[in-house]
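These two chains come separately, so use the hints to put the complex back together.
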Amino acid sequence: GNSVTQMEGPVTLSEEAFLTINCTYTATGYPSLFWYVQYPGEGLQLLLKATKADDKGSNKGFEATYRKETTSFHLEKGSVQVSDSAVYFCALSPSGNTPLVFGKGTRLSVIA
Amino acid sequence: EAGVTQFPSHSVIEKGQTVTLRCDPISGHDNLYWYRRVMGKEIKFLLHFVKESKQDESGMPNNRFLAERTGGTYSTLKVQPAELEDSGVYFCASSQRSVGGGSPLHFGNGTRLTVT
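Read top to bottom, the protein sequences are chains A and B.
Per this note's numbering, the first sequence starts with residue 25, numbered consecutively.
Per this note's numbering, the second sequence starts with residue 5, numbered consecutively.
Just chain B, with the same shape it has in the complex (with noise of 0.2 Å):
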């Protein structure tokens, strides 16, 4: 089976300019989650989609960052405006049922982001 892509594995760009992160999750897995990690630091959870449907998004740092789920499928994660403290790398993961279920998790290669 294909596993989780990610679009694009790497994104430069100016600080105030807009970008949009893809994941494709595996087919059939109906949880999708994003994290983050800067440069030396954790990975942080973004969100969590359960098929269209955000079921968490606690971790989202601000109202700089959207994700849509629409219809279920691929998800896509907008950054508007950037800055220069979004630099990172940017996972997303996919699972049949949730990682609460005992559920393991599949990783994309990740979306290297630079925001200068």
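This is chain A alone, in the form it adopts within the complex (with noise of 0.2 Å):
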């Protein structure tokens, strides 16, 4: 089947610290991924896509790069702010008209 894996949180940074966060994937078929971002008292926003293998999405200095090869689609930042404080959540949309699968969810505190 369909599944999604985080890596778990919480994670804890410094303002301006290299941000990593970790999602591999379980698809049958060619899958788009995303990046789904809640901040505090708000629903999910997106933040990033990508639709097809070696596809870097990138949106607010967050990357991620679609990586078959890993079944991969970490997300990374090179300078964290304390806004960016969220939860992020990797998400896939199989081939076709299937609903989004998501994973668990990251935490992200980043402190001044």
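Some hints could be false.
[Said to hold, decoys possible] Computed list of lysine-lysine pairs in BS3-like fashion (alpha-carbon distance at most 25 Å, straight line):
id, chain 1, residue 1, chain 2, residue 2
1, A, Lys128, B, Lys45
2, B, Lys48, A, Lys73
3, A, Lys128, A, Lys80
4, A, Lys73, B, Lys82
5, B, Lys48, A, Lys128
6, A, Lys76, B, Lys82
[Unchecked claim] Reference listing, derived: stretches of chain B covered by chain A, where coverage requires no fewer than 3 residues with Cβ under 8 Å from a Cβ of chain A:
id, segment
7, 65 to 75
8, 112 to 118
No lab work stands behind these hints: they were computed from the structure.
Since the model is a prediction, treat every value here as computed from it, not as a measurement.
We put the beta carbon where it would ideally sit given N, CA and C, even for glycine.
What follows is the structure in structure tokens.
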């Protein structure tokens, strides 16, 4: 079946530190991959996406590259800010009209 | 444009009671999804409406859950009778086209349900 595995949190970093949140997936076919972010008190927002192998999604300084050979979509940011504190969800959309499959989420806390 | 709105934001009920959650999608979005996140676990799909029709309800846990979308606008999710394991955050999301078609999901802030 389809599944997403994220690194366990919480992750606590100092401001300007480098961030990596690991995400690997299992899927049939060629899924699209997403990172969603949930800021405190808000709903989930799409952060970035990639729809085919070797695509790189990027937004707000975050990047993730669709690696088919390692079935991964790790989220990275070179220098985190306090405002990046949130819960990050990796997700996949299997090919066809099937619903998103989410990981468990990783809580990130950035301290000044 | 107004985003996806959910009501209530929080609900605390006793086991055996009934609760109805409401979701107003973004105007013009035919696709409406319900998801649930139990504490510390994945966000799990519950069901998908296209307009007023249930496209996929494979994620509905059991027959205590009833979802409707009369007229293809807002949707309700009723839990009757509620059990302790129903506690969690219920998210609603909408999109113009289906997710498989590459259309992004717009999420509401969620309803936090606590069953005691």
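Hint check results:
1. Lys128(A) to Lys45(B): holds (5 Å)
2. Lys48(B) to Lys73(A): Distance ~19 Å between lysine 48(B) and lysine 73(A) Cα, so the pair holds.
3. Lys128(A) to Lys80(A): At roughly 22 Å apart (the allowed maximum being 25 Å), lysine 80(A) and lysine 128(A) satisfy the hint.
4. Lys73(A) to Lys82(B): violated (33 Å)
5. Lys48(B) to Lys128(A): Answer holds: lysine 48(B) to lysine 128(A) is near 9 Å, not above 25 Å.
6. Lys76(A) to Lys82(B): violated (38 Å)
7. 65 to 75: violated (count 0)
8. 112 to 118: Coverage by chain A holds for the segment 112 to 118 of chain B (3 residues, Cβ < 8 Å).
The structure does not agree with the numbered hints 4, 6, 7 stated previously, though it agrees with the rest.
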